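Single-letter residue listing:
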Amino acid sequence: MKRTELLSRILVITGILIVLAAPIAARAIGAQGVIEVHGRIAESGGWTPSTIRVQAGMPIHLRLTSDDVMHGFAIGQSDTPAVDVLPGQVTEITLTFDKPGTYAYYCTRWCGPNHWRMRGIIEVTGEEPVSPQVTTPPLYLMLNLDIDAPHPASVTLDRIPDAQYGEQFSALLPAAYLTPDYYRSHSPAQIYLDLRADPALVSLAGSDIWDLVAYIWLSNTTPEGLAEGQRLFAQNCAACHGETGGGNGVFSANITALAGKTPANFSDPAITLGASPALLQGKILRGGMGTGMPSWGPLFTDQQTWDLVGFLYTFQFK
Amino acid sequence: MRSELTRFPLIKSLLKNRWPQMVVLFVMLAGFLFAILSGFIGTPVGNRNFGIIFVWIAWWAVLILVAVPLFGRGWCAVCPIPLPGEWLQRGAIMDPPMKKPRWFNLRWPNRLRNIWLQNLTFTLVALFSSVILTAPKVTAVVLAAMLFIAIGMSIIFERRTFCRYICPVGGFVGLYAQAAPLELRVKDRQICLACKDKPCYNGSAVGYGCPWDVFPGGLTKNTYCGLCMECLRTCPYDNIAINTRPFSADLSKPPIRMDEAFKAFIMLGAAMIYAGVFLGPWGTMKLAAYSVGSLAWFGYAAAFLAFIFGLLPALFLGAVGTGKALTKATTTLKKIFTAFATALVPLGLMFWVAFSMSFVLTNAAYILSSLSDPFGWGWNLFGTAAIPWQPYLTTLLLPLQTLTLIGGLLWTARTAQKVGSEVKVTPAPVILFSTLVTIFMLGLLL
Amino acid sequence: MKPWFFVALFILAGAVITFAPLPVTAAAPARRTFRVEANQFAYAPAVLEVNPGDTVTIELVSTDVVHGMFLDGYGLSVTADPGQTTRMTFTANRSGSFRFRCNVTCGALHPFMVGKLQVGKNRWLWRAIGLTVLATLAILILPPNFPKAETG
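Protein chains in written order, with our numbering: chain A, 1 to 318; chain B, 1001 to 1446; chain C, 2001 to 2152.
Derived from the structure by calculation, the hints contain no laboratory data. Some hints could be false.
Quick list of in silico lysine-lysine cross-link-like pairs, DSS-like style, CA-CA up to 25 Å [stated by the list, open to error]: (1) B:Lys1099 - A:Lys2; (2) B:Lys1196 - B:Lys1099; (3) B:Lys1012 - B:Lys1335; (4) C:Lys2002 - B:Lys1418; (5) B:Lys1253 - B:Lys1137; (6) B:Lys1016 - B:Lys1253; (7) A:Lys2 - B:Lys1100; (8) B:Lys1012 - A:Lys2; (9) B:Lys1335 - B:Lys1221; (10) B:Lys1253 - B:Lys1424; (11) B:Lys1221 - B:Lys1099; (12) B:Lys1418 - B:Lys1253; (13) B:Lys1335 - A:Lys2; (14) B:Lys1187 - B:Lys1198.
In this text the structure is predicted, and so the values were computed from the model without any measurement.
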């Protein structure tokens, strides 16, 4: 064998080894201390891994990537902003969980009718025992509402109830009607009946009473809360319920085919005015109802849920 | 009109010495293996995977826009696919060949000494192209399969039977190489006739016998010369030359055979179908082409095959037949058919150039990002990983494509006229056929 | 007549076909709104026709995953999530045929997700067809061995 032959053989073999081994080695080194999370649409498996285990107080480094379409990543009930998870690209984030417990992580960009199934769990273990959190149960449970029961309101409106108009009668309104407790546990239709029966308001016309109902709603919201509710609705609800709440979102046909029911139409007064904030809270938190409505409980904070509920009435009030 | 490049000592020694070509081949082989690796272990997202982007955007752009039009089979000279098999076959990378063959060394069956099998492999790749083009794993499987089939064939058969009879790319590169302004030819045929040992074909101590199973002394067309430069090294009389020449020089040579004629239809038709499926606004067609195995895909496949093997040849046959009838020619229809099919070579090449322009310019941005992050693992080797996607030069696209297509038509029409004067048949119907398909292609692209 | 005379004639005709100003159809600029649904891997409608000078609004509605729209020639782009329609408004002040393409990776065939905005008539296509026919005529009229006959 001549020297050239030997040299070329050495070149070829080392070259092939480098080309094949170097990326694999580099990947193994780069993978130390990080968790690679792959997102796929729910139909192809959702998140991998779907359970991440971590020590309380220890930072975890996540490398997020999508294997198909655009996804997003956020931790439920947390203030950490969502990040985009792009196909074939990597988003790195570092998270630290101080308290042991179970956290949900979820996809934030709609990736098909089953987008909401794209969820995972972060189990945080630590020294301190996972104490059952002493939180009060949500209002709909305290009120023992049957959130699956139909709740039609038989109301007739001459025009859209207007909180600004309602404000001019607010001097007549007994203060008890403005408390959050009252507002949250009564549907607008019930509030209307209560106000109508109240001797203090006997002088008002029906449409004025409705304006007062809208006023009670607006008094229990803030502009920031409504804006947050609008953002949450656009990001999470509009794909099925429609951007104007009409129950005709881009996936409504899928929902109808699957569940035999269309998504709730918030522009229908009978539906929205018959639902109390607590009832809407229950539907949002628990979901289900055999309609393909996801359970948002693990994802939204208490405040976010109420912001969203407050926003839903904008489809009836102004 | 011809000018010998090998008369320049620098060019000649660069080609004659094994090392320059071998170094390029090593790099190509490394890139090829890297592309297979990235297909298997990189991101499954095609437009972020080195394998997909470098094979179907970068390599394809270089091949169809530069290499084939200017250098003919120039790509084959540096293609890494047959290398491992060839090294095994020879038992050497650089050393002179052994006296006795190491393996079976069978001759390729006579019945298959044509490019029908290549027509078949290209058609198969073309039918599954929307999956192959977009799924990194599938691309990796196809590339690896080519590598291993080439190895297997090198062990069973003599020379490079994979390149000549199986490679789906080799068939059309050879067909279009006839139009290229570059050729390898002997300087003086008399020397070859007098040469006893014919080391260019049989090999010698300084080089291998023609891997492409071609006797250089008999070369009249580029189709099956792989520009591997072995004969340049082995010829004891310094009788081999690399020449530049006018475009389409081989197209006035003896007409192509039926297998080659159908290659011309396959390429012409596939360019039109791809322009419609990939660049057109019809989503149903894209989905049908992608959903391999579904009823819609079978419909697509049937339409694909019917267009390429039915409609196009039938229309062409009609044109040729009309020409024959008008001229009252006595030559057989089959001969006229294949002779005129030669004329479709420039048109097909220019269809592919025009189609590839939009395909390449709109996806070129991915080349930069996948260069920095070949596996989609978040690397940033050259700082270009995050370059946002955008199409390049799209304002120039339509005028460029128009010029390309009309240029192809003029070229084809001129070739048809030459063919016509040789077979004594009026070329007008064939020119009309070419004009109509050009207008159809314009409609698809503009 | 000499072939070069024909060559000059054909080049002149080609220039006329390529550059001749065509009568502008007197359509008053209008406001046009298109609701374009995007799904894997197509736009519906995929071909939008407007007149030059129109104020065009494209409402992009994604019906499966996040899609986008990059408009060639105008260099404009938007992205839309399902449930979050986005709008792109512009004055169609450039005539011709422009492709629009998805600019958010939306699956395997994403690079081939395209539609077409047609501003005015597709004059370029007609000019190109004219040039093609002219080229055919030139080939048929000029002697087959031209220009070699001239040079000998």
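Hints, one by one, checked against the model:
1. Between Lys1099 of chain B and Lys2 of chain A the CA atoms are separated by roughly 16 Å; this keeps the pair inside 25 Å, and the hint holds.
2. Proximity of Lys1196 of chain B to Lys1099 of chain B is assessed by CA-CA distance (about 18 Å); at most 25 Å being required, the pair is judged to hold.
3. A C-alpha spacing of about 40 Å is found between Lys1012 of chain B and Lys1335 of chain B, which places the hinted pair above 25 Å, so the restraint is violated.
4. Proposed proximity of Lys2002 of chain C and Lys1418 of chain B is supported: the alpha carbons are some 21 Å apart, at most 25 Å.
5. The suggested pairing of Lys1253 of chain B with Lys1137 of chain B is violated, with an alpha-carbon distance near 42 Å, which exceeds 25 Å.
6. Taken as a hint, the Lys1016 of chain B and Lys1253 of chain B pair is broken in the structure, with Cα atoms around 29 Å apart against an allowance of 25 Å.
7. Straight-line distance between C-alpha atoms of Lys2 of chain A and Lys1100 of chain B comes to about 18 Å, which keeps the hinted pair within the 25 Å bound.
8. Distance check on the hinted pair: Lys1012 of chain B and Lys2 of chain A sit about 24 Å apart at the alpha-carbon level, within 25 Å; holds.
9. Annotation: proposed proximity of Lys1335 of chain B to Lys1221 of chain B holds, straight-line Cα distance about 18 Å (limit 25 Å).
10. Distance check on the hinted pair: Lys1253 of chain B and Lys1424 of chain B sit about 15 Å apart at the alpha-carbon level, within 25 Å; holds.
11. Taking the CA atoms of Lys1221 of chain B and Lys1099 of chain B, the gap is near 31 Å; set against the 25 Å cutoff, the hint is violated.
12. Only pairs whose Cα atoms come within 25 Å are accepted, and Lys1418 of chain B paired with Lys1253 of chain B is accepted, the gap being roughly 10 Å.
13. Annotation: proposed proximity of Lys1335 of chain B to Lys2 of chain A is violated, straight-line Cα distance about 52 Å (limit 25 Å).
14. A distance of roughly 15 Å separates the Cα atoms of Lys1187 of chain B and Lys1198 of chain B; the hinted pair therefore holds under the 25 Å criterion.
Of the numbered hints listed earlier, those contradicted by the structure are 3, 5, 6, 11, 13.
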